[in-house]
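Taken in order, these protein sequences are the chains called A and B.
Offset between the first sequence (1-based) and this note's numbering: plus 36.
Offset between the second sequence (1-based) and this note's numbering: plus 407.
Hints are not guaranteed to be accurate.
Computed far set for chain B versus chain A, every beta-carbon distance over 12 Å [unchecked claim]:
1. M414
2. R499
3. D648
4. G843
Simulated pairs of lysine to aspartate or glutamate, EDC-like, Cα-Cα distance not exceeding 16 Å [what the hints assert, rightly or not]:
5. B:K608 x A:D227
6. B:K769 x B:D807
7. B:K691 x A:E193
8. B:K888 x B:D572
9. B:K844 x B:D977
10. B:K842 x B:D807
Since the hints were derived computationally from the structure, they do not count as laboratory data.
Built from N, CA and C at the ideal position, the CB exists for glycine as well.
Residue strings, one per chain:
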Amino acid sequence: MRLLFVGTTSNAGKTLMTALFCRYLRRKMIMVAPFKALNLSSTSFRTADGDEIGTGQALQAWASDIEPDVRMNPVLLKAEDGKLKLLLNGRETGRMPRKELLAHAVASYDELCDMYEAVVAEGSGSAAEINLRDHDIANVGFAAERQIPMVLIGNIERGGVFAGLYGTWRLIEEKNRHLLKGFIINKYYGDKDILRSGIERIESLTGMRCFGVMPHVNVRLPEEDSSEDGIRTYSDDEINSFIGSLDSILDTANENIDMHSIFRVTSE
Amino acid sequence: MDDISIMDCLKMVKCEIDKGWTGPNPDCKFGPCHYEGQDCTYCFCPFHPCGDEDLGEYIDTPNGKYWSCVYCHFIHRIPVCRFIASRITELRIREPDDPRLRGLLTEAKERFMVPGKAIMVLGATSDAGKSLITAALCRIISRKGYSVTPMKTQNMSLNSMIASDGSEVASIQMVQAKAARIRHPDRNVNPILIKPMGSGKTQTIVHGKIFGEFGVNEYYEDFIPSKGTEAVRESIRLQKDRYEYVVMEGAGSPAEINIYHRDIANMRAAEMADADCILVVNMKWGGAFAYALGTVELLADDDRKRVKGIIFNNMHGDASSLDSGIKEIESILGIPVLGVVPHLDLPMPAEDSMTMNRSEGKEGKINVIVLKLPKIANFTDLDPLYHENVHIKYTEDPRDLYDADVIIIPGTKDIKASVEWMRSSGMDVSVIAMKGKVPIVGICGGYQIMCASFSGTGAPCAGGLGLFDATVKWTGNEETKRQVKGKLALTGEDMKGYEAYSGCTETNAQPLFTLSFFKSPSVNEGSADVGEKLFGTYVHGLFDEPGFRRHILKMTGKYVPSGYSDVSYDKILDETLDKLADAVGSSIDMNAFNKMLEVCR
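Next comes chain B alone, as it looks inside the complex (with noise of 0.2 Å):
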């Protein structure tokens, strides 16, 4: 695809003009481009460039300003692909620079450019299992063929990650958009991310981008009323423009009345997308029928009238014990319980518990050590091991390192904090000390304490473990954010993942990785030194492909394949999110929740 001319394109559109309506190509190889279910019928726009702003923007690259379309769905849509074969018909257009054919996008956009609706997530409180019922519901929207989208307005989190426009979201909401089935999510899945600092302030990023650190007090009487508003308001807005659905996941509990009325993240969010809401509550600790009333009767008159229906989650033992007491609710609310879901056995990715913790005994397993570093940042990485013959443990005690067979210094938020926590409880030594005997891989922040100096204006301190002989430079704040894709260096076997650091490695090592880029060279990326067993990359998401992953665990010499072991992350994720839904959609009644998403369209 990479080298194909305006002549070409036109060609196409004059093949697809001849052709009429094809429908969904699920054969296609580079399909789905957009979501699965999509209409390939005009795989080349014929509109292109429109620029509607409504659905794309001119981006800058090397070669000029070039029209992005990338997140239009609009063409892709079945019913306005049927509209639009047919009116090329009835108007006997056949060649690609008709200048009648802009008018059809006129009048189907007239016809068909709908605003999507919303459907929120909310929970009574946090940990209620909000994000994985979104998950859920967004598979269960995307198998009925609609193009459907999740939403965090704003996400407290550590784990972020990469979207494919370079901006960096919620981890969560990433997976989120994997159940959706959409191939480009983009910085509106998550327009605010905010990220607890050493300092006690948080680094607030809005659309992808830093743009500041505030205290609680900036956050909510500066930030929130001015900035965040605007930006939660502008992604309703595109998302509701480009999908039929937008599942959206409210965040802690939407009852908290004391500050209620700077909530950005649950009920006004809500009435911005006018969304209908379902209450999530979690049986676990007990009390979850007086949350959930508690939950909605607390909410302002009008915000309750968008709550539509409840879940209970995570109920151990047998459901029908709670028949009366659902009733009770019921008639006292008059909101229907849409049912109860189980517990759910699943291995879905951490949030930011690190609630994965759940490798039971570990005889005969490989014990991976993760070092629990201060701020430890996007421990996500390690998602994919849960699923081979792996024991996970995240410890701040150096003893643990001794029967390690891996050892991960993961990413942190706080360098010079995670250097100085491992010089005073001689985490260092340790680490150091097991130089040789077990594969060491550090990732990101990690990666920069495993080399030796630190310089430059940015520089938290003066250098790290000197595991490698590198330094680390930082000159200003530049942070490089991008999805990449490319080999591993050792082996040629393919990788991808992303990156989010600052900083720059220099170094005489061999490379770990080998990037490739559309149309440039391919560039060396971290360090590896086979025989001191050490690993070093910006690189996140390095476990996700099979090459490295196996690699790694091949070197502890107790490597047994586990059924995944030759397969990609993003696979095992999906099969996953294919059991979610799967438990989901038959723990709550999809008549009701069918009706709900009729009413709402």
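With the rest of the complex left out, here is chain A (with noise of 0.2 Å):
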């Protein structure tokens, strides 16, 4: 079983909502690994092997229920003093074009792959950065390499979200959209009776279906603050309350959101 999540913007819910289906897979006794292709950001995690990843990945490998392991996010870009720093692997590497990159990406994937009954992915940003389509090896640019099918959350807190996600969709090249199996609209406030025509409007112009709306949840990912190398531990206490609040906003997800049809339609 394969998934990725992207999203309409960035802070769109992606990392917590991967580390929750992560979760409802491990609960149903299927061995998940979560990935990333590409982590921009300031803090990052050090795997027991040293390595480098970033702290959402780590997380997530909790929420698995395994130990955090490098080719879950296999390049990330790292601001330091201003700078980004890259790091493949892991480990600092120089400047490399997007097709090496992209390859190896695709090759820890491919591995993670091989490795566990479901992989759940984390795109990056927004889907639908047209100008750096080019560039792009964490969104769609990658799940067209192994065919990876796709939900789309949307974050509604700033309203627009039925824009963001008819014009993600609609920015996404005709021949990748069939990967587009469905969206979710995150952090919503309020009675979602008053959403359905807009919900049903968007399912019929672009075909994906809504798979949920999920409640705002009161959650912050122990992931914000670092020691000065930018390096981020957690002590099993901060592991185990995150696992623990995790648990009961899976809660919420399972009443809010149809985890079980995104199960089956990504599993086809």
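Relying on the hints, combine the two individually framed chains into one complex.
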């Protein structure tokens, strides 16, 4: 089972949704690993092997009851002192053409797919940065390489979510649109019935189906603050409390998102 | 100007008739009376009182009915003045009582009374930057010598101000009006203002007066289709009659297709005003191309035709990296991208988020702690402080008070909840512990909270903190809403601001301000206990003039004058708006924008 969560914007809730879906599969006794081809961050996590990966993938790994592994985040762009440093497979490296980076990312992904029954991947930023299409290794550009089904997440907090969902779908090249199986509206306050007519319209315009409307949950992923070298460490207590809150959010997710359908559609 | 008799007026009109066309008078010490660039030939209108209800209205004054045309700009438009002056010469009219004068008004109206044109700034999301783009466009159009007004048909905001006519409108529209350089913005800049209440309902203010409280369904099913639409339609008509351009601001996203039919703030308002629209998209969160495209394509067919340009806003980094994306969007939509506005680091007024929390680092700065009360309101009062050597922090944590240099108890829509919150969080004890140590300033609701007891039928609860041994009395739902000016009682320095409150404070404390009113005795306002460093007032905008601002900051012993310490906030804001207009103007394709203005006309 393979799946890529992409977003209409950054901060759409991809990281949490990926962790939740990993947790969902894990509870179904499916061996699952998280994956994010490209991370852009000022903070990272050092794996047991000494490799730096994004903190999100470490948290998602724990949500999957496995140890973080460098293959879960092969490319990391780390902002340090106003400069960007490129890490490939957890180690600093010089500039590299997009094609090579993509090949490395796909290789890591393939290895995970061989090792686990399911791999749940997370895209990066918005899936429709059309000016950067030629540089994309994390979103549709990646999904196309391995024909990975995608679910689009739109954040409704600031409004305009229907425009964001429709516009993203519309700007994804036609040949790849079939990979987009559906969408989730995230961070909603209020009465879901009000959204219904809008959701139906988007479904009929795009052929994507709505997998659910996730209410706003108060969660702070323990990833923000970091030590001086930008390496984040986690105590067992922190990890346990994160898993605890993830379990309770998963209950909310199960009530509001058709997780089973996502599982079914992306397993085909 | 206070005591000019009718005879004097006629003499003035006679002078004006003799002089002929004189044009704008930028040197007039009273000017501009209506808007920057106005024609002052007929400072005293030769048609007054014209009785034409398109132009003015009879108002009640202590001396009986009076024809008020403070909002009429017609006689101050350059082409109108030129025309009237030339006709006066042609007809050899020499006296103000010449009956032929009246006919000239009719003639001028027929020729020049063309409704102004509307431009609407839409946003792909909330927080897209609509308000500031609207302000910038107002200033840009005003600089071209046109009369222009901002307008937002429906604004949900906790920050309101009182306009010249005593109406309560959203404060950001007052800022935009300043950008448009109009002197007397009135209720029509924001015909519907809604304020979230503690109860889950919203207080709805129509044309500046409280109309009622509604739940979501009542609001959309009952209010909007009837009174709401009517109010919006009337304001649009009036604004278009008075101004050459009306720059309207939308609300949230116009493409909320689930509530499209009941949204009065975006495309329906654009349709009523026959506005051309510009869509603003914030680049900050990514996905801007998708939001731009999605927003336009989800509009109804007729509405989509109104969108004449797109602005990408808040760009960090090199805009040329967007070129290929911009080309693709333009070719899909057939709508030009007018420009990419960079991220601007301008100290612009807070709208609803306390986003002016931008003063970084507090080393050596005066630490101003603002209590983050439930339903905090009118925190725009603090905007002038951002230009001083001050660090401002909004807090819910009583411990923050101990290293405060100044404590502010701001206004709130919910006194009861605020007092309860202070008691349960221990904030009350902490504030009282700081009494006498640092200045504590209560504004409006915050002033009431400083008082000991509340009485009367409308009292929210038994009393406040007791910092002032005073009683606040509520009788019915009477509200005081007005602009005020006067002096700081302690020093005699100038002050001005506005009031919007209910209740009346009975106190023996020294007054903070003395307010002066037209043809009425001056009135003591607020409370000041200099020894205990306690200050309370109903006046919003109390820090706008430098007097009180400086007075409070000096009391901290840490005062270091900034370049703005002696400058009125009006002036500071005016400069900031100029910078904003410069930045926006240089980022957008002005040829294309000018064409939009021409096509509009």
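Each hint tested on the structure:
1. At the 12 Å boundary, the C-beta of B:M414 stays outside the reach of chain A, the nearest C-beta of that chain being 59 Å off.
2. The claim that B:R499 is not at the interface with chain A holds, since no C-beta of that chain comes within 12 Å of its own (minimum 62 Å).
3. Annotated as non-interface, B:D648 keeps its C-beta farther than 12 Å from every C-beta of chain A; the closest such distance is 32 Å.
4. Residue-level check passed: B:G843 sits 38 Å from the nearest beta carbon of chain A, beyond 12 Å.
5. At most 16 Å may separate the alpha-carbon atoms for a hinted pair to count; B:K608 and A:D227 meet this at roughly 15 Å.
6. At roughly 13 Å between alpha-carbon atoms, B:K769 and B:D807 fall within 16 Å of each other, so this suggested pair holds.
7. With a C-alpha separation of about 14 Å, the suggested pairing of B:K691 with A:E193 holds against the 16 Å cut-off.
8. Proximity of B:K888 to B:D572 is assessed by CA-CA distance (about 9 Å); at most 16 Å being required, the pair is judged to hold.
9. This hinted pair does not check out: B:K844 and B:D977 have alpha carbons roughly 31 Å apart, beyond 16 Å.
10. Restraint check for B:K842 and B:D807: the C-alpha separation of about 15 Å stays at or below 16 Å, so the hint holds.
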